[in-house]
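Number of protein chains: 2
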Amino acid sequence: MPHKVLRIRRAQVDPPTRPVMLAIAGDSATGKTTLTKGLVEALGPDRATSICVDDYHRYDREERRHLPFTPLNPECNYVQIMEQHLQLLATGHPILKPVYDHRTGSLVRPALVEPREFVIVEGLLPLSTRLARACFDVAVYLDPPEAIRHQWKIKRDCNDRGYTPEQVVAELERREPESAAFIRPQREEADIVIRFAPIEGRQDPPGTPLSAEVALRPTIRHPDISRVLGEEHHAMHVKLARDADGRPIDALHVHGYASREDSRVLEKAIWEQLEVDHPFPESLGRLGGAQRSEPLAIAQLLLLYHLLDNRPDRDLTALVPATT
Amino acid sequence: MPHKVLRIRRAQVDPPTRPVMLAIAGDSATGKTTLTKGLVEALGPDRATSICVDDYHRYDREERRHLPFTPLNPECNYVQIMEQHLQLLATGHPILKPVYDHRTGSLVRPALVEPREFVIVEGLLPLSTRLARACFDVAVYLDPPEAIRHQWKIKRDCNDRGYTPEQVVAELERREPESAAFIRPQREEADIVIRFAPIEGRQDPPGTPLSAEVALRPTIRHPDISRVLGEEHHAMHVKLARDADGRPIDALHVHGYASREDSRVLEKAIWEQLEVDHPFPESLGRLGGAQRSEPLAIAQLLLLYHLLDNRPDRDLTALVPATT
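Sequences listed follow chains W and D, in order. For what it's worth, our numbering labels the leading residue of the first sequence as 100, then goes sequentially. For what it's worth, our numbering labels the leading residue of the second sequence as 100, then goes sequentially.
Chain W on its own, in the form it takes in the complex (with noise of 0.2 Å):
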């Protein structure tokens, strides 16, 4: 070792805490904030943080404007140091973070992020390389149908980044290739896979949440479901499949008629298995209002327990206490 190398090493601190990271991919408007945003709630702020590796464009709009790729490009993202940060988050040190302002397209003054016990990282591209994969205990795809993302893009840009229909329309367009280049192959790293969805060929009465099916891959231990819930349950079941690629997985479907008590019986289940002295987070399955979601409560809890479970000490009476 040089020198110079082993004298910064003997000035150093070792940080405090080594968080567990979660990583949370998917292209543009697949739900990443609102899944992310549960679970740091869950968790409490002063032990959750979650960051938006978006922030990390290279050109603002305007220099966008006369560029030949979109975001979803590597080349249009500083994604070395998009590596480096997450490297210096999962080691327990602070970043100065870039800050992209969606609002209006310009790249502003940095903001610091320290890290906290759980660090989620969402975005277009954390599982792009070997090096940011290797950064997280946990890695989850978010994967709606097309249809519905193309949906909720245009409601969100439309509502709060100040677009027309047209232009998200045209837009979603320009980045296809890109997708199907950069952001969809990222599936194919993920621990768990999470879909959305109305079931094909249903007429739920409107209102009626979307449908989940999880796929869990298993490269990490997930908790044992199939002893709790047979092939035969009505509003959910789970299936030993093979993923599109060929891999074995659990196919666990929780319908969006899934009634409060049949989930219960499921999330109970899946937090026993936790082993935590601890009220169940009832902030999960929340959809802004009064709406729930029970597909949406099991998905957030699952990423829970892996968070929890993949704690170095495993002291889990971390959780804050629940706020129904």
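Any given hint could turn out to be false.
All copies of an identical chain are treated as equivalent in the list; a pair is satisfied when it fits inside any one copy or across any two copies.
With a straight-line cut-off of 25 Å between C-alpha atoms, the simulated SDA-like cross-links for lysine to any residue are [what the hints assert, rightly or not]:
| no. | residue 1 | residue 2 |
| --- | --- | --- |
| 1 | 196 | 211 |
| 2 | 196 | 179 |
| 3 | 103 | 284 |
| 4 | 103 | 178 |
| 5 | 196 | 174 |
Worth flagging that the hints you see were computed from the coordinates, not collected in a lab.
Could you slot chain D onto chain W? The hints should help.
Leaving out everything else, chain D in the frame of chain W:
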């Protein structure tokens, strides 16, 4: 080593170069930028880069109005992030450096800095912590007399930053306690202390450059000057001396009236000790326009000597051709 840290290490690609790092510390308006620019020019911008660590300000000018400290206070700066970025550069990694716009007093979008063979780091606080100091091969402190520094600061802040002389004088007074507490203690940490000043009691003709007093601490191995330069030489001399704190130093004096021929003798002697087969860099000592300063040329040459002498492979064919 925890499995995730190992996984991250295994996914890392070793950076190609580990730069030689030079710190130039000193209070506001001590000539850090002039010295730095001359060195980058002599080495060539494709081989050398410089950063200013005053960009790590935590607050913009407006926010500082309501705060009890000046930019000199470590509290007013992201010192931990500065340390982190210095470590990254010292080990050959790029950084996304914050940027403070001195003209407007605001924090703007960060900039990518990729390390070169030589990285020169100038600013108010680069030697303020043990970890920051561990990142440097050579540490310099600029120490002009306060009266000279005040003149320089008034001139620069009024010409380039839109202040009135009265505002600058008031600011200097406000900063004095924090200069004493945080800036000046870095003098003790430097391998080389450079003081540009007029010689007391002498009446040189107008336009004579300032003299240089250079304290060479034996914390690093300097070129042997005493064998070239006796104590008798009229325009420059070197003396065994004690620094203000009692530690032994070589005290080199280069008078402002030294002629080009005088300084040539010393420059050649220093240059030959490097054993580089390359023409002497003629760009040193330029003050802007056609003005030259032999004291500045010799101070820059000493720093250039250390930059080249610290190259890991000691491949000294790196200098760009002289451009006289």
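Check your understanding: At most 25 Å between C-alpha atoms: does residue 196 with residue 211 qualify within a copy, between copies, both, or neither?
Key -> For residue 196 and residue 211, the Cα distance is within 25 Å both inside one copy (6 Å) and across copies (12 Å).
Exercise for review: State whether the alpha carbon distance between residue 103 and residue 284 is at most 25 Å within one copy, between copies, both, or neither.
Suggested key: Classified as between; 23 Å across copies, 40 Å inside a copy.
Exercise for review: Indicate which option fits the pair residue 196, residue 174 if close means a Cα-Cα distance not exceeding 25 Å: within, between, both or neither.
Suggested key: Both: 19 Å inside a chain and 19 Å across chains, each within 25 Å.
Practice item. Classify it for me, residue 196 with residue 179: is the Cα-Cα distance of at most 25 Å met within a copy, between copies, both or neither? Key: Answer is both; intra-copy 13 Å and inter-copy 14 Å each pass.
Check your understanding: Between copies, within a copy, both or neither: which fits residue 103 and residue 178 at Cα up to 25 Å?
Key -> Between. Shortest inter-copy distance 20 Å satisfies the 25 Å Cα cut-off; intra-copy 27 Å does not.
Checked against the numbered hints above, the structure breaks none of them.
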